[in-house]
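Q: Each chain, written out:
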Amino acid sequence: MSGDPLDATERDVVVVGAGAAGMSAAYAAARAGCTVTIIDANPVAGGQYHRRRIDAATYRPRGCDDEAVWRRIHIESATTVYAVEIIDHGTQRIFGVRTRGDDRHRRDVDLVRARRLIIATGAYDRPLPVPGWDLPGVMTGGGAQALIKGSGVLPGNRVVVAGTGPFLLAVAQAILEAGGSVAAVVEANDPVALRRHRSALTNVGKAGELARFITSLTRHRVPYLRRHRVTRVHGDTTVTGVTLARVDASWHATPGTDRFIEADTLTLGYGFTAQTDLPAQLGCTLQVSADEGLAVTVDDDQATSVTGVYAAGESTGVGGVDLAGIEGLLAGAAVARSLDHPSPLRDEPALRRSRDRMRAFADALATAFPLRSGWRDDLEDDTVVCRCEEVPAGRIRNAITELGAHDARTVKLLTRAGMGWCQGRVCSLAVDRLCPRSATLDGQARAATRPVAIPVPLGAVADINLQSRRES
Amino acid sequence: MNDANPRRAFDAIVIGAGVVGACCAHYLIEAGLQVAIIDRGSVASGTTGAGEGNILVSDKGPGPELDLALLSRRLWFELIDVIGDRAELEPKGGVVIAHDGATLTRLREFAEVQRAAGVETHDVDPMQLRELEPHINPQIPGGVHYPQDMQTQPMLAAAHLIARGVQSGRLSRMTDTEVTEITRDESGRVTGVRTLSDVISAPIVVNAAGTWGGQVAALAGVDLPILPRRGFLLVTEPLPITVHHKVYAADYVANVASDSEGLETSAVIEGTRGGTILIGSSRERVGFDATLDWSIVQRLAAQAVEVFPMLAGVQLLRTYGGFRPYCPDHLPVVGADARVPGLMHACGHEGAGVGLAAATGYLIAQAVTGRPLDLSLEPFAPVRFDSTPERVGAHA
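In order, the protein sequences belong to chains A and B.
Taking our numbering, I'd label the letters of the first sequence as residues 1 to 472.
Taking our numbering, I'd label the letters of the second sequence as residues 1001 to 1396.
Treat each hint with caution, since some may be false.
[Unchecked claim] A short, non-exhaustive set of chain A residues, derived as facing chain B with CB atoms under 10 Å:
#1 ALA78
#2 THR80
#3 LEU282
#4 ALA303
#5 GLY320
#6 VAL321
#7 ALA405
It should be emphasised that the hints constitute simulated quantities derived from the structure, not laboratory data.
From the three backbone atoms N, C-alpha and C, an ideal C-beta is built for every residue, glycine too.
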């Protein structure tokens, strides 16, 4: 389309996400000489880990401190990518990145063209349903952390932090540091297996961080209850407390171990789900990672299976902020090389070694905090599983036992679970695990394909100026 | 997880647990047969779960498909009596609109011919249009109201029909079961099917595999020219009722009947009981490629906003797509396959499978049990595409 004003916005690289991975990737690519735009949903860069208040100092990832490079990078904040597509399949492959501004009611949309894409969209919390979890006062661990870091607001006066994984400790720590009170940290697994990985822990410098979290809990007299689960949330209009139970290795509650804890807030988190919407739209190969969730498959250069598309950080498997930064640098460098720029990195082999070591550690950590099935016992027929469409567990069980649905997709078609606003981001794991047969990788990848990543007004989609392809 | 029923011999096997297969199974067990329904996926996992649930008469001109549709519409009410409100049947009617005077004239001529064939139609002017659809673009010069058009939730309809059969003890539900061969004896007559792990016997096999009907026919050694015709639908956020009927543009009928391989779109807009609005429709022949094409989304959205300007501010939540089973003459394949005794086909309904499912199952059951047919199956004969004189099997 010659003369198309949108051609002016064509960039060498569009990076989606301004967390540690995206910012590092953008920096590396720009340093090598590429034109780079970062698109990020948040008003300020930093991602989930470095989430900061709007007046805080600008986020700069480790090893990315040349301000002259940053001046060449365009950051489009408060802008979400709802779809990516391949506009030109020829030798000059061009991607279309469809964006929407912060206010979903405005038709503030754009189509940015890019020769390469770097996906650094991170991960989101993975909750599991429990009776009462739809009460005000229940939130995800990540949500609680974002409240504290982003707005300086405590999630509640007395918080129970529950789920599994080392992130529970980070959430508790954030609450304690902000002056809040944690009633208990409730960990469904017994991560003794971690001891086996002590050398790995030391290797990647994580041992100190975890030890500091544990010390902090002890100092504040916060019980760290391993092999325990919250089996019920109490309250009429808001949370007033939770029931805890001791659980076995499969997370089934041991009879007679119930006890009530008073609390006004519960955070839930059973690890994270990698945000794979955009690579799935493009048909990138996904894989099941060590935490049993889907992640984008990447090669040694952080390249996905689709030519021109790279990924870094949690979208390739949850591994923490340091790993994300290194993956970002490597992705940025690989993209630059593919556009005939020299590598901007001094010691790439050393970075690759660090990445591989940290990735192995992340996988080991995920294996130490597995997902078990005992939580399903807690669900009563009226426990809501899909909150958007208000689908209770009983209807899902009926679809399975009476209507013959064996997999999550059929349950979705018959009950509407996962069809609502969040498109199954919150409930799809639970629905999948309630089914007699877990979805195959293909099935999971299909369920994770959301052609419209976030809602966008029809009037904006209809806008002729955003037409990416010539009509035949 | 299949039913614990160890039975491996049946009176009939239905391949395909979509809405057409469910209706075939239903009417076969009503006729007293012991039936197995087999699907390589789950219930309603193919085209049934990828459409809007249309039960339409408005888009059909006089002829065998309209006769089938009118019979089917009547039978759908019987089915709903059987499974209750769970299939979300909405007899809400259709409104076909024309964007200009010339199209309106042609639309009304078409409606007059339909009226003569038994379809209830009412010409409507812009004012009557706004009474039917308060949010419609006031510049639309007019249209035709078809009170007989209906919509159902076809996945629920199929699943509940099948579940009811299972509960009656006359139907075995075998999902996640892939048929690898339709077995025959020396004379060529059907003896049952072979699956990846089993041999199941029955003298009758009904091919209700929809878009994959050609592949199932090939398992019995016969050709059936069924091709996928891709379609996408847009789904909005849930709203209070804003679109009351199935509203579509007159060019939809021409597009359905077209033989083009290229992309054709026409505005089709309707609400659902869940509150979402479904926006279609696109059709193109691109094989089984499911990749979303944003130029199609753009066209569908623009066409919908033109008909209902208020949709411009409504959020697009998701899209889904599927593959209609398309036959060269746009008619389904229903009835006995003269080339393979015992093989029946009930597939190739293109975009009308939900609407035509009830009559298809009903007529298949009549044919299987040798009762007089309510409607001739001649126009839907499986061999109508077959130009080769040789027939597989001895009873050609």
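Q: Determine for every hint whether it applies to the structure shown.
A: Each hint, compared with the structure:
no., hint, result
1, ALA78, "violated, 18 Å"
2, THR80, "violated, 13 Å"
3, LEU282, "holds, 9 Å"
4, ALA303, "violated, 20 Å"
5, GLY320, "violated, 32 Å"
6, VAL321, "violated, 31 Å"
7, ALA405, "holds, 6 Å"
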